[in-house]
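Trainee: Protein sequence lines correspond, in order, to chains A and B.
The opening position of the first sequence corresponds to residue 0 in our numbering, with each subsequent residue numbered one higher.
The opening position of the second sequence corresponds to residue -11 in our numbering, with each subsequent residue numbered one higher.
No lab work stands behind these hints, which were simulated from the structure alone.
Bear in mind the structure is a predicted one, so any value in this text is a computation, not a measurement.
Even glycine gets a Cβ: it sits at the ideal position worked out from N, Cα and C.
One or more of the hints may lead you astray.
[Unchecked claim] Derived list of chain A stretches under chain B, where covered just means 3 residues or more per stretch with a C-beta under 8 angstroms from a C-beta of chain B: (1) 88 to 101; (2) 192 to 201; (3) 301 to 315.
[Claimed, not checked] Mimicking DSBU-like on lysine-lysine, the simulated pairs with C-alpha atoms at most 30 angstroms apart in a straight line are: (4) 88/B x 230/A; (5) 221/B x 82/A; (6) 150/A x 221/B; (7) 12/B x 193/A; (8) 230/A x 370/A; (9) 56/A x 88/B.
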Amino acid sequence: MDCAIEAVDVTKVYRRYAHKRQFATLKSALLSGSLIRDLSPNDTFHALQGVSFRVPKGSTYGIVGRNGSGKSTLLKCVAGITKPTTGRVTVDGRVSALIELGAGFHPEISGRENVFINGIMLGLSKREVARRFDEIVEFAELEDFIDAPVKTYSSGMYMRLGFAVAIHVDPDVLLVDEVLAVGDEGFTHKCLDKFADFRRRGKTILLVTHALGLVERFCDEALWVDAGTAKMSGDPRRVIGAYVTDVEKNEEATLAAGDARARQVADAQPVPDAADEGAFPQNPVSAGSAPDDMFLATEGRWGSREVEITDVRFLGRDGRPGHVFASGEAVTIVLGVRADRPIADFVFGIGIFNADAVCCYGTNTSLDELKSERFEGTGEVRFAIDRLDLVEGTYKVDVAVHARDGLPYDYHRLLYTFRIKSRVKDVGIYRPEHRWEFSGAITLRPVLDGPGDVR
Amino acid sequence: MLHNLANLRKYRGLIQSLVVRELKARYRGSVLGFFWSFVNPLLLLLIYSFVFTVVLPGTHPAEIEPYALFMFCGILPWTWFSSSLLESSNVLIAGGNLIKKVLFPAEVLPIVTVLANMVHFFLGLPILAGFLIYYRAPLQMQELIWFPVVVFVQLLLTIGLAFIVSALTVHFRDLKDLLANLLTFWFFATPIIYPMSAAPEGGRTFLNLNPFTHLAISYQEILFYQGPFGHWKWLLALLGGSIGLFLLGYFLFDRLRDSFAEEV
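Bound-form chain B, shown alone (with noise of 0.2 angstroms):
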């Protein structure tokens, strides 16, 4: 296993390509085309917002505002995850050729997966960087310095995801319908649309438990509150933690790999 995981870095330049054909090919023939990265999440933020300013005013706790601002700290960083992962659960299958006539390593797919929604990650970064400007949050360098930690915290996260989800999927066709459920469920139990303060606090240890409360408290601390990050000590864990997921992510990976040939 730690062999075939060094030999991740001889892929780099097939994962580099493989992650740019991604990206090419996801919006050709769309009018916008990659005009739709930074439009995206932007209507979706607009929809956010309208819920929860017009259609559902009140239900936030009054001191968070920009409301929608806070949102779409959550959100951004959401959209990357849950999509990283729905789209890994099909990705062996789709590559099906690749893995059956093609000696390929079956591991590269969702990582380029997981590294495309990166990228449109990145690109929706300058719609919140707009924002934060429009409504002058203060941002402090000291803190912005922990933005890429988080992203990296988050990176390691769900490609372990992604291994295990992708090499499940092959066995059970139907993880795919399971975890779209999931993953709704699980954006709401994290706390994206609404602060952690809200939570009652029988369900406090209840979010604790969820890897993302940490990721999305993190991401909010940095670009949202006033005031040092405070959240490190479990942004720490969490990278120890991702690092656990992804090494048995990958060791999953790797002794479900011959199947994959029979399989998909």
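Bound-form chain A, shown alone (with noise of 0.2 angstroms):
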């Protein structure tokens, strides 16, 4: 099939400048001589490293990838906004770059004049403006105030005169670099439609944005760029795949820092003397028995010690340890304890909280109705929850050991971290586990590959 965008082996190297080169004047590299070295760099950065890929005509190509990967460094190459080091991109047909929204914009002029410099720099003759302007104004809805000046504009209505300017110049080739979320809802399917029809009218789209459901559901084909190279390319839904976990693997790896740096701040706080025993400075609470305070608590760690909580653990799924789990998944959150002297009250207590600090479960084994013989040596207690049924988010835990009446022996405060991850977008916090069903003339069908499958 014929190709719209054929890139080669692109690679892209900026230069950098150890000798803080912005700051360097003529005159100085003039008097030092040193302008033949202060011109010639001293360290390379790869943005890309042979990338390669074919956007066939008629086709929409998504580009994913983190943020710094080169995603728009490649699309500035295709745009020919900046030229490959080496390598050589080719495009076939007239191209518009959605990169910045209304980058030309003067803010002294008016939106009806800046409607034409604008069409005109992206490549419409006057005539070409004046015949699409009744239909940039209506898209961007902006009737009533296209005759002001556009500083006066929000900076919604400037980005969407900007996107109804740039989309009304009809290119063959339409470069996308993650403008969607300028406008509300509306304006967003507007967007939306006005690319299902570039694509019915077999227009070339190359889309790079974050919002990976966007991807699977719109593209034909998919590239991950990671660190400057093309990582995996092909059917939009293995690529997502696949760039999702890997991006999971990244979150569990800083997840389990930051669960290592608390540790350490907690392992830091000095064990309390006998002196001291009943008398925490630090502690607001003596949990269980002034649950109100305990939400005013900040994270940290105290106690007497009797028992002491040495490790705690997430568990999923296999009783894998991790920290990203999926919404419904199976966890097991694993105490490692151990008591020096022998004892015999003591409670061992557990609380999840989201990002907002709310509450979202707690319950201890003297509220689940268990009473306490004996303890001692070292054990591991494992509170194994079937269906964790939250809703995506960043939870923090608190693990507890104290006396029936409240004393804590160990008490780690919002400690540990753990985040979990659904394809679906509901809101709240707990997702009871649901289904829909209809009867009548009531008829709905599932969005092909979209996120409303709940599975």
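Reassemble the complex: the two chains are provided individually, in unrelated frames, and hints are given to aid placement.
Mentor: Have a look at this one:
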């Protein structure tokens, strides 16, 4: 098939200058005779390394990747704004790049004049802009403000006008860099409709975005760029799947590092002497007896350490340790505990809080009507949750062991973090297992490959 | 390079609308608006007249009268020249958004700057014409035919320099400040507020090396002095030089073009 965009072995090297070159002056460069040396880079940064891809005519192609992975550089190379250091990019047909909307607007002059100038900048003739003018203004929903200077526009109006002009250039190849975030829901839908219209008319779209659902739904093919290299390309679902897995792995590492730091902080807090027992300055609560105060406490660790929590782990499905779980997955919180002397009065407790510090769930062995009898040496406490039906988000965990009257032995406040991932963007805290049922003349169908299908 | 140069013709519409935008935007919000294009040179003329007739009388040769008119013939084109270059030094950095985010022919920006200033120059001409009529200075049609030629030479020279200045300032930001001082020096090294004849013998060669000397003398001969336009040989030589400078400027600009998107 014919290619609309063909990138072959594209490498982009940015130069870095260690001599703080932006502050160097022509005079000093001339005086010290370092002009030539300063102009030569002494460090390079490979924004792209040998990326190749082909976009067939009439298809929609998605590019995903982490921040700073080189997506936008790639798009700029395709747009011709920068040239690849080596390799080549060929584009067949008129290109319009939605990289920054309204980049050429002049704040002092009216929207009307800006539409004309922007259109001409993007390659239209004056007559062509005039013909599309009404359509552009209508699309931007700015009929009442088109004669006001652009500086009086809100940022949404500004973006809408920029988008409207760029999309009405009627390019053969449309490059889109994460611009759908502008405007309200209604406008976003309009933009998506416009893209769909483009597809129908056999135009080519290259989409750079973090909206993975959009790529899955819209694109015929996807490319995952990671640290300047093409990591994977092909079927969007497969590419997105691999990308999401990789992102989770990274989040996992970040959360694990955060937990390790929290634990270090906690361990650094001194175990109080016997003399201080019962009077804990940083302890605002005696857990269990005054739960209201507990919500005010900030993260930390306190307690007399008659029983000590030595280790906290999260286990997911199959008992693999981790910090990122799917909503509805089985999760087990494992506490390693130790008591140096035999003890009969102890209660184990767990609390789960969301990012807004709302307690999602809290319980302890006493509330669950278990009475302690004896503990000495080391042991392991497992708090097993068959289905952790929380919505997507980051959650913090309290773990504690204390006496029945609330006197804390070892209280770990908000020291541990896990993350719940979900394809469904529902809201709230708790997701009850559910399904929809319809009777009568109601028909609905699942959005194809959309995020609507709960599995 | 030649291919890109040929492309310039395609951007006519863009250049035209950008010049119009530049002019519209400049005085937007001011009370006098476009009137400033007339008032600015008039005020400048008043200041110079005041300085050289009231504060420092007798510093100029007696045969050159009215002295204010003489100065005005040089100051008006100089203003076009110097503000074009000063604005060019900043134009790529100010238009960074365009260069970085839109596929935009960067050479359009210095050209637009020079052309917008040329329009201001043209708007100052009625003031000059008014003074010429007021002083009943003799104008001859044969001489006036040369006027567009002088303007064209100046246009080529200014655009050529604007290319160089704008491209280099991207890499050396302080060229901008350097340029402001250089232009002040250049102004006094050009026979604008003094006639060439008043220059010391030894300095003549130096003044002759200054391209703007010949532009200033040409304007003065056409508009101020009587008699046939005798400076045309110099002017044609300068035309050749200006074409060369224009091409050199464009060559340099074209070579540095790819670095703009990264540096601005």
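Trainee: None of the hints should be skipped; say for each whether it holds.
Mentor: Status of each hint after checking the structure:
no., hint, verdict
1, 88 to 101, "holds (count 4)"
2, 192 to 201, "violated (count 0)"
3, 301 to 315, "violated (count 0)"
4, 88/B x 230/A, "holds, 27 angstroms"
5, 221/B x 82/A, "violated, 45 angstroms"
6, 150/A x 221/B, "violated, 51 angstroms"
7, 12/B x 193/A, "violated, 34 angstroms"
8, 230/A x 370/A, "violated, 55 angstroms"
9, 56/A x 88/B, "holds, 27 angstroms"
Of the hints listed earlier, those the structure fails to meet are numbers 2, 3, 5, 6, 7, 8, in rising order.
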